[in-house]
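Enquirer: Listed below, chain by chain, are the residues.
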Amino acid sequence: MFAQCADPAQLEGFAWLMCYLTSGKHMLFYASFGTVLLLLAVTAPMALLFGFLGAMASRSRLFALRWLGKIYTSMVRGVPDVIFFLFVPIALDQGFEWLRHQALCDGDAPVRQGNDFIVCAAAKLPLSTAAPWVHELYGLFLAVIAFSVVFGAFAANVLYGAMQAVPRAQLETAEAYGMSPRQVTRRVLVPQMWSYAIPGLSNLWMILLKATPLLFLLGVEDIVYWARELGGAKTSAFSYPHPDWRLYYFLGILVFYLLMTWVSERLIARVTRRLSSGQATMAGEALRKGAA
Amino acid sequence: MSCAQTISDYALRSIGFGERLLPRSDFTLCQQFTLIGSGLIWNLYFAILALSIGFFLANALAVAKASRNPWLRKPAEGFIFLFRGSPLFIQFFLAYEALVLLPRAGIEIFGITIATSWLTKAWAGALIVLVLNTTAYSAQIFYGALMSVPKGDIEAADAYGLTGWNKFRRVVWPTMMRLAWPAYTNEAIFLFHATALVYFSGFPAFQQRGDSLYYASYFADKTFNPFVAYPIVAGYFILFTLLLISLFAMVNRRLNRHLPGARKRLKYRPQLIR
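Protein chains in written order, with the working numbering: chain A, 1091 to 1382; chain B, 1324 to 1597.
By construction, these hints were calculated from the structure, which means they are not laboratory data. From the three backbone atoms N, C-alpha and C, an ideal C-beta is built for every residue, glycine too. Any given hint could be a false lead.
[Unchecked claim] Ranges between beta-carbon positions, derived for each pair:
#, chain 1, residue 1, chain 2, residue 2, range
1, A, 1131, B, 1334, 53 to 59 Å
2, A, 1353, B, 1550, 56 to 62 Å
3, A, 1353, B, 1434, 46 to 52 Å
4, A, 1135, B, 1489, 49 to 55 Å
Let's have the full structure, built from the sequences with the hints guiding it.
Expert: Structure follows, in structure tokens:
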């Protein structure tokens, strides 16, 4: 990276450490923190969307749709999320490849042959000729879907509860004004539910934050992957030999997460304050009195 | 090979009894059900021990956090923040790496050598992490409940002349449990589900003795078919989660037995508070 780092064997002490920490692999390690943040940035809105759809489906008047919503919202209660994280990406991958197999491959060789899952070369996802970054991006894409599905179910639970918590009288008043069901939902229910949803959603954010290291299980080169890779003992065959330092790398990751939690708690406290203003709740009343 | 034969070979495989080799090809449904069920022994072992040890520690920690003495309160707050603020997955890795660094030969204290190698095994190392983790989460729940014990209850206890330990044991603690119980049920479910992480987080599965998810992923990897093994393990977890909920509901009924309306079946509403 830097000119003075050309021959690490000559370096000692602080200079060695500086060169060590700025080596190419370490840059990838730092970039993987970005991967985590990217996952959070994409997953959170996606999960919220899935959750909203799930909650609306559970409130639907159509029997089939309601049951679909109920099953979706209750699936995460009984089953550990890590099972979904292992299941969803591989199931999706095989699903996509199967669809492409049906469309792109001629001949009707079955996809499952004994213990193998075989599709023709044209149906592979991503194509075996694709660049490595395409494979990585595809892996991350599957991970995002898996996270969104699981946390969408959690969010659906929270949002459903929040919709139920909006006072019945509010909705009845809106109906009395002659609003259609859709208008009631859009103008009264949705704007009001957020203040009831915030405690649950902030909890969910914390759970999501603490689920991000599970990316490692999905084969994404995330911070856990790099911590294990870089921290493992390096013999003198490497340019920067060192004993087993994984403990220190994991301590670094721990500090990263503690920091994220701490910042999140601060932000959530602010948003809660914001959303409770003007609400007919105890928090809103306290704010009103404080201002007067 | 008949199913009964498979069951007798593999039902206790996860704790080291029965057939040594795992099936390698021609996987039958019976094999998958049996082995994954066998792995469930470890999930139950971790969940039951961690919850029952963590419960007592959490009570102590909650009281420490509510204490006015900063020498008690600050460490309790720090401990809770540390374990609630970081992912369990990272805690497992960190604990494993730290325990591996302990000297192999054991530590000598006052001339007695204390063996350390057992700490790196999942049954001990992962259990310690799970206990500390659930202690922190439960302590936060109990602390919240302790703070919401009605003022009137305490005044009534004072009026009866109850003080100190007697007041805590007879008045404060039962109310605290009653208030905390729904959230604590939720925490127990989360912890039970978290036991599925153990064998994916650094702790090696000695002689392929793993938990249910370990075997499920073994089958899914070998057959390239996630649609059989994972639903089986999910089914097992749903079954035992329902069992856990009904057990906790029984305790809840007992805690609320003096209140009007307690006869009614209490509906479990997941709070998603962890």
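Enquirer: Each hint: holds or not?
Expert: Here is how each hint holds up against the structure:
1. One distance hint, 53 to 59 Å for the beta-carbon pair residue 1131 of chain A and residue 1334 of chain B, is violated here, with the actual separation near 46 Å.
2. For the pair residue 1353 of chain A and residue 1550 of chain B, the supplied restraint of 56 to 62 Å is violated, since their beta-carbon distance comes to about 40 Å.
3. Between residue 1353 of chain A and residue 1434 of chain B, the C-beta spacing of about 49 Å keeps the proposed range 46 to 52 Å intact.
4. Restraint check, residue 1135 of chain A to residue 1489 of chain B: a C-beta distance of roughly 54 Å satisfies the suggested window 49 to 55 Å.
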